[in-house]
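Participant: One letter stands for each residue in the lines below.
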Amino acid sequence: MSKLKAFARDIRIQQMKEFKARGFGHLGGSLSITDCLAALYGEIMNVDPKNPDWEDRDRLVMSKGHAGPALYATLALKGYFPLDVLLTLNQNGTKLPSHCDKNLTIGIDMTTGSLGQGASTAAGIALGLKHSGKKARVYLVVGDGEAQEGQVWEMALFAAQKKLSNLILFLDFNKRQLDGRTHEICDLEDPAEKFKAFGWHTVRIPGNDPDLIAATVREVQAAQGDKPGAIILDTEKGSGVPQIIEIELNHHITCSPELADRIIEELEAQKKG
Amino acid sequence: MYKVIYNGEMEKIAGKAVFGETMKALLAEDKDVVYLDADLMNSVGTAGLEVQFPDQAFDVGIQEANMAGVAGGLSAVGKKPYIHSFGCFASRRMFDQAFISIAYAQLSARIIGTDPGVTAAYNGGTHMPFEDICLYRAVPGSTVIETTDSAMASAILRQTKDRKGLTYIRLSRKNLPAVYEPGSTFEIGKGIVLRDGKDVAFIAAGLMVAEALKAAGELEKEGISAAVIDMFTIKPLDEALTLEYAKKTGAIVTGENGNIVGGLGAAVASFLSENYPVPVVRTGVHDRFGQVGAQDYLQEQYGLTAAVLVENAKKAIALKS
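Protein chains in written order, with the working numbering: chain R, 1 to 273; chain F, 1001 to 1321.
Note that these hints are calculated values from the structure, not bench results. Ideal placement from N, C-alpha and C gives every residue a C-beta, glycine not left out. Please note that a few of the clues may not be correct.
Said to hold, decoys possible - Cβ pair distances, simulated, as ranges: (1) F:Ser1270 x R:Asn103: 22 to 32 Å; (2) F:Ala1025 x R:Asn46: 30 to 40 Å; (3) R:Glu189 x F:Pro1140: 51 to 61 Å; (4) F:Arg1158 x R:Asn103: 22 to 32 Å; (5) R:Glu189 x F:Lys1031: 41 to 51 Å.
What the hints assert, rightly or not - The calculated BS3-like cross-link candidates involving lysine-lysine, where the alpha carbons are at most 25 Å apart (straight line), are: (6) F:Lys1161 x R:Lys134; (7) F:Lys1161 x R:Lys130; (8) F:Lys1031 x R:Lys162; (9) R:Lys20 x R:Lys5; (10) R:Lys162 x F:Lys1024; (11) R:Lys135 x R:Lys175; (12) F:Lys1164 x R:Lys130; (13) R:Lys130 x F:Lys1024; (14) F:Lys1164 x R:Lys95; (15) F:Lys1161 x R:Lys102; (16) F:Lys1214 x R:Lys163; (17) F:Lys1320 x F:Lys1214; (18) R:Lys50 x R:Lys20; (19) F:Lys1003 x R:Lys134; (20) F:Lys1164 x R:Lys102; (21) R:Lys50 x R:Lys163; (22) R:Lys102 x R:Lys20; (23) R:Lys102 x R:Lys50; (24) F:Lys1031 x R:Lys130; (25) F:Lys1161 x F:Lys1003; (26) F:Lys1031 x R:Lys135; (27) F:Lys1320 x F:Lys1003.
This is chain R alone, in the form it adopts within the complex (with noise of 0.2 Å):
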């Protein structure tokens, strides 16, 4: 298993205990970007865990806010605090809340959770650094279902005009939403097609390798110009983990802890495997 492969299933396995200690959670979004942070926090992105407010890091902002636990557990793994706040998620006077928050969560580089926010303040950071010489770059996560928000496309016209190069979007294209089907719902289509139309350098790729994820953002990076970048992510909604994605609605779940603890074995298994 290789290093970044090894670091996805650690912080699949460190979120599930999340879920467990509090009993519910946004488990099928938090699995479905994991592997993309992985990628992210493994090898791409120019950041300290031990200086996380340094002025020249890389950000990432979560705009589908709710991912919040696979973000925390990414960061608690890379030593931005320790592995067991991360049993503290929405407890009561809890510094990990459902939803990421710049000013409770060491790491976290912006404040989400409103659908669509995010992509906006994203590109507010990626002219900032970029319009003070800054080199930092700049990624943004954002969700199918979030997609049917007005503001992603009112960003993704700004950043194409404005040349933000050194913005890279992850859409978790994982097909589902609270709801149900997004092709039920207010159906996307062909993101891909659609941020080409807007200007972005555009791919598509499998989502649940982070190796390929990592190689893929090296590659857009080199090629995508003055263009803002954009990587579509097809992912399933619970990547990674079987009993999740075949709960057809799940969101937001219960978290049983045999469940959980069935879960987590079954990860943990795979390193001795």
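Could you slot chain F onto chain R? The hints should help.
Facilitator: Frame of chain R; chain F shown alone:
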């Protein structure tokens, strides 16, 4: 320090010219100042700044929600954004973005809403913000300012450059009655006593300040002594001054160019009812939508005149127990 020059005459220079000059000066003085507009630069005197300051001034296009979010992101990397649209769009059209991506995220930006209340005139009801003050007052930790004339607008734009959090500044593009000498400075959060009095106190903002000065002059002829306070900082309210004049006059009349629901009058009345109950009569738009028309016609329609302030002063005095 400020100097009062009020004599009933209008400003010589339109608010938008002052706004454009002030933004230009701010961009030149501080490279961290950023100006964003949503396709209204030609309307507000800032056209050309995007050419002169290509790293600091940006026309984002007609997308106010995105503009507010971009401002949050710019603040997150140390910039000092000023963002502008008409007051209706600068409040209703981007309220959740201003609330979450700026205020809740503990970032800082100055949101400029122009054409307050009836000054939207010929743009009509769709463009006539009566509720922007109410909306932004409801954001925790916000600052809400309505400038009285362009001398004050210029000063407030400069004085809020480094202010933390969300600051909403409601200002006019047009010529207003001149109240302050250009070059004046102001203390944010402190009302200004423009005229002292002992029978009743007007607490007003925006174009109602000049109306209140007219009303006080009328009342004087009838032997009624009316104070006039310019409460340009609507939030945080100058509670000490409000209390002082409630005690001194025992009757308060508020005046605002917007809905009385949640505005300056509501702020004054709720503060006094909990601390020193005296009659408070609110002058403003009584829960109605805007409409098209000349500004003087609209001021008559909605009761935003010195004559209504005079009536309300007598009503407040009569309510004293």
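Participant: Are Lys1161 of chain F and Lys1003 of chain F close enough, with their CA atoms no more than 25 Å apart?
Facilitator: 22 Å, holds
Participant: Taking 22 to 32 Å as the stated bounds, is the beta-carbon spacing between Ser1270 of chain F and Asn103 of chain R within them?
Facilitator: Distance hint for Ser1270 of chain F, Asn103 of chain R holds at roughly 29 Å.
Participant: Within a Cα-Cα threshold of 25 Å, do Lys1161 of chain F and Lys102 of chain R meet the stated pairing?
Facilitator: Roughly 23 Å between the alpha carbons, so the hint for Lys1161 of chain F and Lys102 of chain R holds.
Participant: Verify the proposed pairing of Lys1031 of chain F with Lys135 of chain R, using a straight-line Cα cut of 25 Å.
Facilitator: It holds: about 18 Å lies between the C-alpha atoms, which stays within 25 Å.
Participant: Confirm or reject the claim that Ala1025 of chain F and Asn46 of chain R have a C-beta distance inside 30 to 40 Å.
Facilitator: 37 Å, holds
Participant: Does Lys1024 of chain F sit within 25 Å of Lys162 of chain R, going by the straight-line distance between their CA atoms?
Facilitator: Holds: Lys162 of chain R and Lys1024 of chain F sit about 21 Å apart, inside 25 Å.
Participant: Can you confirm whether the C-alpha distance between Lys102 of chain R and Lys20 of chain R stays at or below 25 Å?
Facilitator: 24 Å, holds
Participant: Between the alpha carbons of Lys1164 of chain F and Lys130 of chain R, is the straight-line distance 25 Å or under?
Facilitator: Holds: Lys1164 of chain F and Lys130 of chain R sit about 24 Å apart, inside 25 Å.
Participant: Lys1161 of chain F and Lys130 of chain R: Cα distance at most 25 Å?
Facilitator: Status holds; Cα separation ~22 Å.
Participant: Are the Cα positions of Lys20 of chain R and Lys5 of chain R separated by 25 Å at most?
Facilitator: 23 Å, holds
Participant: Starting from Lys1320 of chain F, check that the Cα of Lys1214 of chain F is at most 25 Å away, please.
Facilitator: Holds, at roughly 23 Å.
Participant: Is Lys1164 of chain F close enough to Lys102 of chain R, meaning Cα to Cα at most 25 Å?
Facilitator: 16 Å, holds
In this structure, the hints that do not hold are numbers 3, 11, 16, 18, 19, 21 and 27, in rising order.
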